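Undergrad: Fit chains B, F, V, S, Z, X and E with the ligands to the given chain U structure using the hints.
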Amino acid sequence: MEKKTLMKGNIAIAQGAIDGGLDAYFGYPITPQNEIPEFMSKKLPEINKVFIQAESELASINMVMGSAVAGFRSMTSSSSPGISLMQEGLSYLCGCELPCLIVNVQRGGPGLGNISGSQADYFQTVKGGGHGDYRLIAFAPDSVQEMYDFSLLSFELSEKYRNPVMILTDGVLGQMMEPIVVAIHEPRATSHEPRATKNWALDGCAGRKPRLIRSLLMVEGELEKHNWHLNRKYDDITKSEVKYEIVGHKDADVFIVAYGIVARICKSVIKDAGSKVGLIRPITLWPFPSEIISEIASPGKKKFLTVEMNLGQMVEDVKLSVNGKSPVEFLGRPGGGLVTAEEILQKLKGML
Amino acid sequence: MEKKTLMKGNIAIAQGAIDGGLDAYFGYPITPQNEIPEFMSKKLPEINKVFIQAESELASINMVMGSAVAGFRSMTSSSSPGISLMQEGLSYLCGCELPCLIVNVQRGGPGLGNISGSQADYFQTVKGGGHGDYRLIAFAPDSVQEMYDFSLLSFELSEKYRNPVMILTDGVLGQMMEPIVVAIHEPRATSHEPRATKNWALDGCAGRKPRLIRSLLMVEGELEKHNWHLNRKYDDITKSEVKYEIVGHKDADVFIVAYGIVARICKSVIKDAGSKVGLIRPITLWPFPSEIISEIASPGKKKFLTVEMNLGQMVEDVKLSVNGKSPVEFLGRPGGGLVTAEEILQKLKGML
Amino acid sequence: MEKKIIVCGSGGQGVLFSGVVLAWGAIEAGKHTTCFPSYGAEIRGGSSMSTVIISDEPIGSPVAESLDGLIALNELGYHRYIKKLLPGGIVVVNSSIAKVKADDRNFFEIPASELADRELGNILSANMVMIGYYIKKSGALSLDAVKSACEKLKYKKSAIELNKNALEVGYNYENKTSKGKRR
Amino acid sequence: MEKKIIVCGSGGQGVLFSGVVLAWGAIEAGKHTTCFPSYGAEIRGGSSMSTVIISDEPIGSPVAESLDGLIALNELGYHRYIKKLLPGGIVVVNSSIAKVKADDRNFFEIPASELADRELGNILSANMVMIGYYIKKSGALSLDAVKSACEKLKYKKSAIELNKNALEVGYNYENKTSKGKRR
Amino acid sequence: MKKIFSRPESLKDTPHLYCPGCGHGIIHRLIAEVIDELGVREKTIGVAPVGCAVFAYDYFNFDVTEAPHGRPPAVATGIKRVLPDRVVFTYQGDGDLAAIGTAEIIHAAARSENITVIFVNNANYGMTGGQMAPTTLIGQKTSTTPEGRIENCHGLPIKVSELMAIFDGVSYIERTAVNTPKNILRTRKAIKMAFEAQIENKGLSLVEILSQCPVEWHMNPVVSAKWLDEEMLKFYPLGVIKG
Amino acid sequence: MKKIFSRPESLKDTPHLYCPGCGHGIIHRLIAEVIDELGVREKTIGVAPVGCAVFAYDYFNFDVTEAPHGRPPAVATGIKRVLPDRVVFTYQGDGDLAAIGTAEIIHAAARSENITVIFVNNANYGMTGGQMAPTTLIGQKTSTTPEGRIENCHGLPIKVSELMAIFDGVSYIERTAVNTPKNILRTRKAIKMAFEAQIENKGLSLVEILSQCPVEWHMNPVVSAKWLDEEMLKFYPLGVIKG
Amino acid sequence: MDKQSKVVIDKNRCKGCALCIVYCPQSSLSLSRELNKLGVYPVEFTDDKSCTSCGFCYMVCPEVCIEVYK
Amino acid sequence: MDKQSKVVIDKNRCKGCALCIVYCPQSSLSLSRELNKLGVYPVEFTDDKSCTSCGFCYMVCPEVCIEVYK
Ligand SMILES: Cc1ncc(C[n+]2csc(CCOP(=O)(O)OP(=O)(O)O)c2C)c(N)n1
Ligand SMILES: Cc1ncc(C[n+]2csc(CCOP(=O)(O)OP(=O)(O)O)c2C)c(N)n1
Ligand code: SF4
Ligand code: SF4
Ligand code: SF4
Ligand code: SF4
Ligand code: SF4
Ligand code: SF4
Ligand SMILES: [Mg+2]
Ligand SMILES: [Mg+2]
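Order-wise, the sequence lines are chains U, B, F, V, S, Z, X and E.
Residue numbers 1 to 352, in our numbering, belong to the letters of the first sequence in order.
Residue numbers 1001 to 1352, in our numbering, belong to the letters of the second sequence in order.
Residue numbers 2001 to 2183, in our numbering, belong to the letters of the third sequence in order.
Residue numbers 3001 to 3183, in our numbering, belong to the letters of the fourth sequence in order.
Residue numbers 4001 to 4243, in our numbering, belong to the letters of the fifth sequence in order.
Residue numbers 5001 to 5243, in our numbering, belong to the letters of the sixth sequence in order.
Residue numbers 6001 to 6070, in our numbering, belong to the letters of the seventh sequence in order.
Residue numbers 7001 to 7070, in our numbering, belong to the letters of the eighth sequence in order.
It should be emphasised that the hints constitute simulated quantities derived from the structure, not laboratory data.
Covered by chain S, according to a simulated footprint, are these stretches of chain B (three or more residues, beta-carbon under 8 angstroms):
(1) 1023-1036
(2) 1045-1056
(3) 1210-1216
DSBU-like cross-link-like pairs, simulated, lysine-lysine; straight-line CA separation at most 35 angstroms:
(4) B:K1325 with U:K325
(5) Z:K5242 with Z:K5189
(6) F:K2147 with U:K3
(7) E:K7006 with U:K209
(8) Z:K5189 with U:K209
(9) Z:K5141 with V:K3156
(10) U:K325 with B:K1276
Some chain S residues flagged as far from chain U (calculated, every beta-carbon gap over 10 angstroms):
(11) S4006
(12) P4008
(13) T4014
(14) V4040
(15) N4152
(16) D4168
(17) K4192
Since the model is a prediction, treat every value here as computed from it, not as a measurement.
Just so it is clear, CB atoms sit at the ideal spot from N, CA and C, and this is done for glycine as well.
Extracted from the complex, chain U is given alone in its bound form (with noise of 0.2 angstroms):
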């Protein structure tokens, strides 16, 4: 049996970062993420890596974008507001084709609001908080043992796509503890092995020609075609990264779809309902599994019931999906109420 070790979600995502290579964490307080930081401020100058407190949300992505340029692992963790505050960086990150890993603890909104769990910045992280067309690809884990799996998987697959990965998760996640397995099965790459194959990082033009890393492209028709060439790119991550998960029977009559926090609570009414609801986890919240939910859509009997902590985000991309083949209900409760196990079954109960 695996060693089980009790983490707390934030925790996981530190170690998960630290053990998948990270060089260097910029950050700044807020609550539901603090233990991000505090860790990272005391484990990686132990291991001679960067850790950086700086002095607001805007420098701390601009910090990443610096050691992102220089071909460094680089990551920030923040909540809500601040992550708000990281749109511009977000965009520019994007734009020049850097990767990172930003995780956004997510509480409740808008404004100041509380610091309990929330999912309401899924618009945010999936369809662009910043301006212009792009992306980030983003996971919602589901248990703490998933905080750290993402975590530890986000700088290879951010670094394949050149594109900013964000851990999309929230106070309850962040603050709950559980027992997981840190095992790294594969020994991983050193920082400085995939730093040599960055073709592009700055870090100083010794041998080679001086590179140049921009978003500004005013020739008439560059950007028009950058904005294609990420469009590729996208539809690549589209094609090749969508991650979920199924729970219950392919044939059940509703099928719930529910992220993160919300889906372990589903996942715990389904073990109740019985063999007539399903659960479509989303683990990649973009790219988003579409196509698994327009094939459950399809033969036109289903229902499905999309369980949010918002006023409805999600809701759309479910809808987008399932294209009119099958009604979409929605059930949510904003600014940090947690949705109850009690409630879902209710609803399913007038669905069913």
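TA: Okay, now just chains B, F, V, S, Z, X and E with the ligands, sitting in the frame of chain U:
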């Protein structure tokens, strides 16, 4: 005949806001909207109103918050990267229910991009680029006349609902000149009249209980309650404030859906395309004219073509409205490429 | 089997640590578990709590709407969470500090602070005394599981021993009260 | 009728003003019009241009893919935009500055800078001379409409007169070249 | 007997949610006393920060607005420019003012906004759990400087008052503390001077108040008051810096 | 005959897109000369601003990255912390550094980031069309101060060098100009001193360069060089401010 | 109000920080032996003979739960 | 390179800003009468007798289009 005057889109926005009772403008330069602050810097001091060039877009939006807190008609304008920096502020403004006007004269993205017109901030505007569940009332003028009209209208609307209004336009509309009628048909409220009726505004507690403006709601359940309150308000707005224009025959086979500068171009295409093609032009992007689109789509024998200057954003709202009842196609150009009449005609030919 | 437990008290009483020990105990017992502590400005007022769920099956929400167990290190916490207790649920109260009236539930008092002070020479071990007593009364976990949990936590040897002893003190406490009886 | 015209030249030659005058002229003539100038860092290099569309119908895009008229105040602009000219389109070139070879289009040269200098005592009026000449050659607008446009622009009386005179100089310029002929 | 010391009118009768011994409660009371004394309660608008003192709006008995973290000077600018005859002040922690809000405070100073800034320097981020602030002392352990702040990694602490003193548009700056009765008395005086400067239209005024944060300093309140005396005052000398 | 003055290796043979007489071109060349002289071209990483000089990346013959407006010091921090032996510098205008980027430059200074900052003060926002900058002089007309900058509305201009000098973590600061051959020579020297400070690990170094912006000042280049001498130098005296 | 006392403490607001105790020049204050509603031992006024009504206790109290009479 | 000249100007890069002219201590430079490809009158080197190769012209030229020989 009404007297026409030749006016630049950006100036029309500025003049409209002034004619709508603007008290205070705060902004930071960015192309292609610099005419707005420049005009304001000249005109506002002449009429004893406030113009401040802020040190950044962050400062701008928070100065707007300050003067809106005091109950004054307040405004800022910027272009895409600058608007990204305002996302935290917008979330606060919505959370605190503060009326104000924000103008986004979109340019090509992502990142620094270029200074051509673009429509790639649609998602940011209507889905929420900031954190939490919130909505901006979003106007998309398609002529210099509408730039003026909606700017003028925005304060009353935003005060009615205590919600920020955004004018989402682009570099082409902002920079182009066109004849418009600048005529204030009814006498406008002076800025002090509506202020007296704002029973929430802070101006010192003389003769009344102290007031408080905030979005932090830490007591359990408070924030959720507030969100449900906001949600009801958004529902009201959705019921009452949708604006759109239909051009061409209601029984056309193909309906183009387009807004802003692209809608203008589509209008000229429709003239040539004959009675088989119609245009639905959303004037409010949020609330979105879903009902009329759904209605038109209902017979099921229609086709839809969404045309945008981006990689496909509003098309999602069109699809959500159509809900599978008719096919929805997309034509778009990203990165500041202006869609041409020929491209649209070509695309239409394939669909007819 | 699924047990939802809240440990509550004031800052400095070792509430969060108690939750962690319970959860580790669950791991030792081969169960599923979650532990969800209060955090941030919630604890500014000085109260602290932790929700621990121990189950044979994977756990959904780590937040408990209703409780099988309440371990109250102070009075405030007792009053705050007692309404969530399910019929048949077990309450364990630190009677050294909390003067609460029992109702008709499985209500158990233990003068944990005094015991910790007297038997262990460390009043701060009251939390472990409470845990020991709780597992005895509830059967949620075995004493062995919780003791070996203590060893998993990276602490000094002496601290580990202290905690294990405190667990035993609680586990072996011959309570003189019975169900619902006042002390 | 729809005319798409580009006025181009270098910064300081009054290119944007020329566009505005044409568009105002269109308003005076009761037509629809748009005027779309170059802006921002585009003009950093020192070139400047303005697209004016004059039409009997509402106008779609203010940007012109193809042109009915090109008014080139300098050489660079001529070369940049001539390829957009439609067959039958009219080009007017300031021959005082731009030495370009005509091709088989409706190509008209006018030594506008010299004329402005000589006849009006102000070389900066070359732009209005060009506009006057262009409307004569193209018939896009009447001289009256453009002259009354000048009055709409809030300038000093003397400046208005100068502009109107310049328009007339251009309008009445007896060009010695004919279609396609070199000077 | 006559009541000679009691809760000022400008402070609501609401229990503070701060930790035991926290300086914020003292500072709130001092501000309220000064507002009362100047007779401007009904024309005062306060701007609360994001930080432990975000709850200031629950305690002050006059109009108060929230501002996003670090942006109180911008919000105050917006208010003061449209309502120049009101008394407008910001209340900001060292994270709020000296980290994320650096640009906003500096530009309010450069523009000589006629507002008063109450700057509470407790050498860490109280609300988020005691992380390093720009004002954290060298060697001071915080939750993000587990080995203590190290000059050649984190830089030296920022002396906000001295920095702000550079700006001609700032009329009054004093550094005070709330760890002893004497320092508290002086703080009250300084706050009054600062508000008076605003009322006399002299431009931005600022009082930097060294304040104990016992819980996040991991000290009991009495020890924290001593630590402030012994450690903070060495680096942050008290006194009028400008005015 | 021997070539004694010509294009340095660190400057690409690409025509500048700047306006005639613009100081940016001169400053680019000076930086390139110094980089050549110090022999560090192959280990230099430049951070370009958003401003007219965003195109610096087209001109320099070494690695250059863009940074969002105002954020070059944060981007440079990210680079330098992971590559401490490279030579990292930011090139920033007065809008970029002294307005939107205020917090980032101040905190880079406070942290004593070991980078070099080339700060080009042309008293306005060149790229966006000549709006007021934090450095615009009192009375100076810009496109957003049509009546000239007015002290009691816009505040006094910010003296960036003097402000930065407060920070112990800043090792070298000099204010120079590029309007005359003499000043240009001195600027070259200052840039060299600044880069040397970095190479010697002394912490942040900054050269504030007063630079003519003829087009947005609405002057011809020669007049603009004079105006700089007569008007800017009055408020911004040249010289070593720290070092 | 307790007519005897120069100093009145709202005991259920007191958080027992002890600042007033250490700064009272007359040692007129001490911690109570009874927990208050907040669960802490609040301060008691013990000695109205020596108390000079100097107000130091009021001044240092973060909870504003002291009133001083003269 | 013109073997005669101490100063060589890349005339199609010159923007005619005249900075080199005003700062040349020997008045060895002047504006040409022929437009260059940029449409401006570029600078010409007119006098290699008086020119001291001081390099001032190189130094002030924003276009880096001057080379100086000695
Ligand atoms: C944009 C944003 N970033 C971060 C936070 C989290 N946060 C809340 S308060 C605070 C700092 C508090 O420190 P300080 O300003 O010194 O106030 P104190 O609590 O010490 O009085 C931070 C970082 C936030 N709410 N918003
Ligand atoms: C976030 C953001 N805000 C505003 C702008 C627009 N902008 C581009 S450059 C610039 C200022 C340029 O001034 P300065 O930094 O002084 O450089 P200069 O052009 O004068 O050399 C501004 C405001 C932008 N690109 N991004
Ligand atoms: S954390 Fe510090 S500043 Fe915040 S309330 Fe507690 S003692 Fe006061
Ligand atoms: S606008 Fe000014 S700074 Fe920009 S290129 Fe022109 S002269 Fe230089
Ligand atoms: S008033 Fe003075 S002497 Fe009396 S109790 Fe308070 S501090 Fe002591
Ligand atoms: S200062 Fe106030 S809170 Fe502290 S012990 Fe005294 S009365 Fe209680
Ligand atoms: S080298 Fe000196 S003397 Fe010769 S042309 Fe240039 S500036 Fe004049
Ligand atoms: S300084 Fe350079 S660009 Fe200016 S005139 Fe002389 S050679 Fe031409
Ligand atoms: Mg603090
Ligand atoms: Mg500048």
